[in-house]
Amino acid sequence: MRIFLAGIMQGSLAQAAVHDQDYRRHLKVLLAEHFPKAEIYDPREKHTKSIGYDDTTGRAVFFHHNRMCREVDMLLAFVPEASMGTAIEMWEAHQHGAAVITISPLKLNWAIRFLSHEVYPTLVEFEADLKSGRLERRVAEVLGSG
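For my numbering, count along the sequence shown from 1 and bump the result up by 897.
Each statement offered as a hint is correct.
Using 30 angstroms as the maximum straight-line C-alpha spacing, the simulated DSS-like pairs for lysine-lysine come out as follows: (1) Lys1028 / Lys934; (2) Lys1028 / Lys943; (3) Lys943 / Lys925; (4) Lys1004 / Lys925; (5) Lys925 / Lys1028; (6) Lys1004 / Lys1028.
Calculated directly from the structure, the hints in this document are not laboratory data.
Since the model is a prediction, treat every value here as computed from it, not as a measurement.
Sequences and hints are given; from them, build the entire structure.
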């Protein structure tokens, strides 16, 4: 299983800054524990300085990550507030048959609502379904193997 860890980076920040990325470490630990055979890709891991990339490099990374989302089995999106980049990644994954799992309080936002196979308003609710095995069953169902 290939998992893409999508989530807010710049969000709606107008300045050259990035939201706190500590959530990524926590989610990677959880995913590795419950999907031990999965290959987990975190786009931030190799691009910690992306906010300073020139246009050529930034564009190449942006489009590369979007293409990657076409080839994963599951995309986990952490969206505490609007994130245009994450929405595009969700779109690509959804359009190409991946299970899109979202942690977000924005359940009425159309991108969240219509591109997600499951939406968890909080990390606590996500963890509960992960620990119970329900999330793994849901992903298998979406992928047609459950």
